[in-house]
Every structure is written in C-alpha cells, then in structure tokens.
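If you're matching them up, the sequences are chains B and Z in order. The numbering used here puts the first sequence at residues 1473 to 1700. The numbering used here puts the second sequence at residues 1473 to 1700.
Just so you know, these hints were derived from the structure itself, not from any lab.
A pair counts as met if it fits within one copy or between any two copies, since identical chains are not told apart.
Below are the BS3-like pairs computed for lysine-lysine, each with C-alpha atoms no more than 25 angstroms apart in a straight line:
1. Lys1548 with Lys1629
2. Lys1696 with Lys1548
3. Lys1504 with Lys1596
4. Lys1485 with Lys1513
5. Lys1556 with Lys1596
6. Lys1485 with Lys1504
Number of protein chains: 2
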Amino acid sequence: MPKSHEFSSILLKTQLFRGVHENELSTWFENKPYRILTFEKGMFLAHSGEPCNELIVLLSGTVMGEMHDFSGKSLKIEDMKAPKPLASAFLFGSDNRFPVSIIANSEATAMFIPRDVVMYLMQKSPVILRNFLNGISNRAQFLSSRIRFLTLPTIRKKIAHFLLGASGFCSDTIRPGQSLAGLAGYFGVARPSLSRSLSEMEAEGMISQKRGEIRITDREKLNKLLQE
Amino acid sequence: MPKSHEFSSILLKTQLFRGVHENELSTWFENKPYRILTFEKGMFLAHSGEPCNELIVLLSGTVMGEMHDFSGKSLKIEDMKAPKPLASAFLFGSDNRFPVSIIANSEATAMFIPRDVVMYLMQKSPVILRNFLNGISNRAQFLSSRIRFLTLPTIRKKIAHFLLGASGFCSDTIRPGQSLAGLAGYFGVARPSLSRSLSEMEAEGMISQKRGEIRITDREKLNKLLQE
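The following block holds chain B by itself, in its conformation from the complex:
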C-alpha cells in the first residue's frame, strides 16, 4: 500500500494526470478534501446505482466491475488494475450514478477526489482538462462504434463484420480469444443462435471452424453478406 505522500507520483502514471509536473500536482492537492482509503479483498469501493460524486482513482491493487442483471444475478464485467481512474464518464451528467459495483479483487488502495476538486484541477491545468476530456470522449466514441456493430440487423451480418474487422487485410484465421459464450455476450445474442449462424455460414462455404479458430474461406461472400 502506497504512503499518503506518494500518491502524486502514482497519479502521474495515469492517463488523467500524464504530463503534469509532480510538484505542481502536490501543490494543487494541498488542503483539498480528498481521501485515501484501503480495501480488503471483497470489499465494495462503490455500489451500483449510488450517486457518483467523487472521482475514484485506483492507486494500488486490482478491482472488478460487477453488474446485477434483471434477476439480481451478479455478472462480472471487467477487471481493472492500478493505477487507473474509475468510471470517470459518470462523475458529471444528469444521471451521475455508478453503472456497476466496484469490488476489490485483492487488497487495494484508492483515492477519492470530490467533483469540485476535479473541476478545480481542470481549471488550473490545461493538461488535466485535455486528458479528462480525451478520456470521456474516447469512451463515448468507443460506445458509439460498439452500438453501430450491435445494431447490425442479423447475427450473420455481425459475424461477417466481426471477422472482416478482426482479420484485417493480412490473415484469414481469427482466434476470437474468448469462449463462444463470451462471444455471444459481445454480440448481444444467445449462444445457441450464434452457434447456429456460424454453422450455417460454414455450410455455405464462407468460413470454417476448428478448435477455437475461425478461418475465412470466402472473403467475397462475407463482404456481400454485409452489403445485402
């Protein structure tokens, strides 16, 4: 666990504070009401649905984001590793609540910076302002391209788009790097439906499947399918 006076050197390693001078950063934080807290494994840093009024920067350890689905079952979304600001796209806006619960995977230390202090830092430093804007804009841009993908009207089109994108122009063999269930989650479809569409496309000679690999056997047909 980092000592309190060490936090600024850790902050400088995050996307948000990159490019700032360490001395300046320490000065800006003087007499500001931030908190540094330590969490044991399994403890909650934030609960899904709670108002998000502080920026949480993970200083050490790892945490996971966990969502509750409609039946109340919990669903792990992603692991996050220090040093990293968490959920920064949820600190502002009219519905600024944590979209997921954040739970320590190991002993973890985090800095809680009140929203007003974050505002103060952005007004002090064009570098922090630019970094923060880049962070949430990147998030919005990523989400926006993900929606374009998810609104392709058929599973076959989603598969074609995914394979053509993943293969680029060089290789015809794609290792999705996740299970069929994981891939189905990414596609927003049920696993059996994904499996059925893959088999159909294999039978039509567009692709072949073997031990977790998918090979494009007719790139032209995939392109046509996408353009139907």
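Got chain B; can you put chain Z on it based on the hints?
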C-alpha cells in the same frame, strides 16, 4: 439568418452556454478565430470520417445526421434543430472524426469554434466547463445504457425490457411511436425476426397487438422472461 453580432444571444440558449453572462461571452470571443457560415439546403456542414477540429454550433435552421452503411447506402440518423452544438463528444479523444455527415435540411447558419478556443472558454468559465462535461457525460451514459439493452441475449428479452420500461407502472398500453421497421432498427434485429417474436409472445398470452399499439396482458410473465 442571424447577424454576426447576434450570435452570443443565440449561444446562451444552448445547453453549452446556459448560465453565462452575455457580455462576458462576447468579450471571450473577441479576436478569436471562429467562423460563422451559411449553408443552403442540401449542403454538407461536415463529412463523415473527416477530422473534427472545430465545435460546430448550429445557430439557425435544421440539419440532419446521415450515416453510410457498409454498402455505401446512406441512412438518415437524426434531425437536429438550432440552437445546438453538434457532435461535441467527437471534438476530443484519440479518434476525433465526425461519425456521420451533417447536411442542411433548410437554410442554416453555423458557428465553427476551433478546439483551442473551446478549451480557452472552459478554462475561463467554470459554467461552460461544467456544461461541456455534462453534455459529453450524458452522451456516454446514454450510449452505455443503450448497450446494456442491445446486449440482452434474445429478441424476446429486448421486447420485454422495452415494454416494461415504456409502460412504467401506470399504463399497460404502449404506442412505440415508430414503425415496426424503425423499432427493429432500434433493437438491432431484422424486421421479420421482431415480428415473429412479437407474435410468439402474443400467442403465449404475454401481450396483444392492435393497430400500432402493444398491450401488456401478463406483466408477471414478461418479468419472468426477463429473468430467465
């Protein structure tokens, strides 16, 4: 078309500049390299894929956002009405390109404010800073909840979620306010598949359909379906 010196009173009506004093705003814009341009109906304010280095604020008229799908067909996304900043979530970030083309629907006037000037305004004014952060954060939050919806694994679950959300606790009758094709686009599925799932759910007694209306006939079953 508004005269140049009138632009600041129009800007004050947008979410971005709301709460700023008009005199201050005029002063901040003095000697800054913004441009005010007029567009005839059908002219492009921006092309999809082009770098987005200026914030476009629509001062008068209406424009539409148009996307090109994979086959090159153009697809109207949304209409936007003055006064309004356009695509502000794409001004920063590492891939700051226009996600859609922006085309005038009528004669339109727009102000183009360079990114550096937008940064300058945010550092001058905590109000503008806060408004801008709220704007892009709201966008990211909207996109994020849209993705939660789109990644529900089956069309039936998407329908259940949509109907329960749209009906709230008061009414059992939902008028989707768009055609079946429009709804299918919103769901990211093909129209015939949506239609089939709706009929299935009608046969199972969960809903009934009549002249563009959907009525929830068994709320309990819909809840169960969502939690399966």
